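*Asks:* Turn these sequences into a full structure, and let the hints steer you where they fit.
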Amino acid sequence: EPEVTQTPSHQVTQMGQEVILRCVPISNHLYFYWYRQILGQKVEFLVSFYNNEISEKSEIFDDQFSVERPDGSNFTLKIRSTKLEDSAMYFCASMTYEQYFGPGTRLTVT
Amino acid sequence: AQSVTQLGSHVSVSEGALVLLRCNYSSSVPPYLFWYVQYPNQGLQLLLKYTTGATLVKGINGFEAEFKKSETSFHLTKPSAHMSDAAEYFCAALSHGGSQGNLIFGKGTKLSVKP
Chain Z
1 EPEVTQTPSH QVTQMGQEVI LRCVPISNHL YFYWYRQILG QKVEFLVSFY NNEISEKSEI
61 FDDQFSVERP DGSNFTLKIR STKLEDSAMY FCASMTYEQY FGPGTRLTVT
Chain W
1 AQSVTQLGSH VSVSEGALVL LRCNYSSSVP PYLFWYVQYP NQGLQLLLKY TTGATLVKGI
61 NGFEAEFKKS ETSFHLTKPS AHMSDAAEYF CAALSHGGSQ GNLIFGKGTK LSVKP
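Those protein sequences? They're chains Z and W, same order as listed.
For the first sequence, the working numbering gives the first residue as 1, with consecutive numbering after it.
For the second sequence, the working numbering gives the first residue as 1, with consecutive numbering after it.
Just so you know, these hints were derived from the structure itself, not from any lab.
Be aware that a few hints might be false.
Derived CB-CB ranges, DEER-like [said to hold, decoys possible]:
no.: 1; chain 1: W; residue 1: Thr-72; chain 2: Z; residue 2: Glu-59; range: 23 to 29 Å
no.: 2; chain 1: W; residue 1: Glu-64; chain 2: Z; residue 2: Leu-30; range: 26 to 32 Å
no.: 3; chain 1: Z; residue 1: Ile-20; chain 2: W; residue 2: Ser-12; range: 35 to 41 Å
no.: 4; chain 1: W; residue 1: Ser-70; chain 2: Z; residue 2: Gln-41; range: 29 to 35 Å
no.: 5; chain 1: W; residue 1: Ser-112; chain 2: Z; residue 2: Ile-60; range: 28 to 34 Å
no.: 6; chain 1: Z; residue 1: Leu-84; chain 2: W; residue 2: Ser-26; range: 27 to 33 Å
no.: 7; chain 1: Z; residue 1: Gln-64; chain 2: W; residue 2: Pro-79; range: 43 to 49 Å
no.: 8; chain 1: W; residue 1: His-10; chain 2: Z; residue 2: Lys-78; range: 34 to 40 Å
no.: 9; chain 1: W; residue 1: Gln-45; chain 2: Z; residue 2: Ile-20; range: 24 to 30 Å
no.: 10; chain 1: W; residue 1: Leu-7; chain 2: Z; residue 2: Ile-38; range: 19 to 25 Å
no.: 11; chain 1: Z; residue 1: Thr-96; chain 2: W; residue 2: Leu-20; range: 30 to 36 Å
no.: 12; chain 1: W; residue 1: Ser-12; chain 2: Z; residue 2: Ile-38; range: 23 to 29 Å
None of these values were measured; they are calculated from a predicted model.
We put the beta carbon where it would ideally sit given N, CA and C, even for glycine.
*Replies:* Listed below in structure tokens is the structure:
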């Protein structure tokens with residue numbers, strides 16, 4: 001069964017560093033999403049992406065964040081200058097009729 | 001704005017007992033509603049969804065949920081809990097009531113199953 005994959009499973013970085021979280025969506029899906037879950041809190045929407053552009057973003061998704069689909073298969077989330085409060089589990093999802101989630105990347109900012 | 005509320009961050013049942021996980025939504029239009037399950041170190045797996053039509057929806061692993069518009073609820077039930085049901089469960093609503101919107105999640109309910 002096709003699945004969404006994410007790498008790495010765990011990323012530790014220092015405050016102020018750039019990180020790139022990678023996702024490989026299911027191949028025939030058209031809509032892509034990033035969500036995050038801070039420990040002990042609810043899963044929050046960050047951004048949706050369709051037709052090579054952002055279709056919607058939340059207030060969390062500020063100028064420090066960017067997304068791209070560099071090669072038609074990968075879907076990446078970049079955080080330019082990480083802050084302590086960016087520590088969270090980041091989930092990628094892709095969709096045709098319903099959203100399928102990846103296993104997540106746990107980002108720890110020290 | 002839409003919101004999803006899950007009552008009880010932690011529910012504990014005995015094996016074989018009824019599972020009831022509560023979810024209420026607030027929305028100006030009837031939303032699409034979902035239940036996801038998350039096993040440790042895994043992603044979110046769709047259990048079931050309500051879009052339109054029959055208000056009682058059946059999902060995987062013997063779970064079902066009933067959409068009650070009058071109560072703005074979408075509670076998840078399973079008649080008989082199994083040890084393998086121990087996981088975290090998330091209720092979610094699709095924003096805008098459409099098929100391409102983003103999901104709004106509740107805080108999650110961790111289900112424990114005692115032997």
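*Asks:* State for each hint whether it applies.
*Replies:* We went through each hint and held it up to the structure:
no. : hint                               : in the structure
1   : W/Thr-72 <-> Z/Glu-59: 23 to 29 Å  : holds (25 Å)
2   : W/Glu-64 <-> Z/Leu-30: 26 to 32 Å  : holds (30 Å)
3   : Z/Ile-20 <-> W/Ser-12: 35 to 41 Å  : holds (40 Å)
4   : W/Ser-70 <-> Z/Gln-41: 29 to 35 Å  : holds (30 Å)
5   : W/Ser-112 <-> Z/Ile-60: 28 to 34 Å : holds (31 Å)
6   : Z/Leu-84 <-> W/Ser-26: 27 to 33 Å  : holds (32 Å)
7   : Z/Gln-64 <-> W/Pro-79: 43 to 49 Å  : holds (47 Å)
8   : W/His-10 <-> Z/Lys-78: 34 to 40 Å  : holds (35 Å)
9   : W/Gln-45 <-> Z/Ile-20: 24 to 30 Å  : holds (26 Å)
10  : W/Leu-7 <-> Z/Ile-38: 19 to 25 Å   : holds (21 Å)
11  : Z/Thr-96 <-> W/Leu-20: 30 to 36 Å  : holds (32 Å)
12  : W/Ser-12 <-> Z/Ile-38: 23 to 29 Å  : holds (24 Å)
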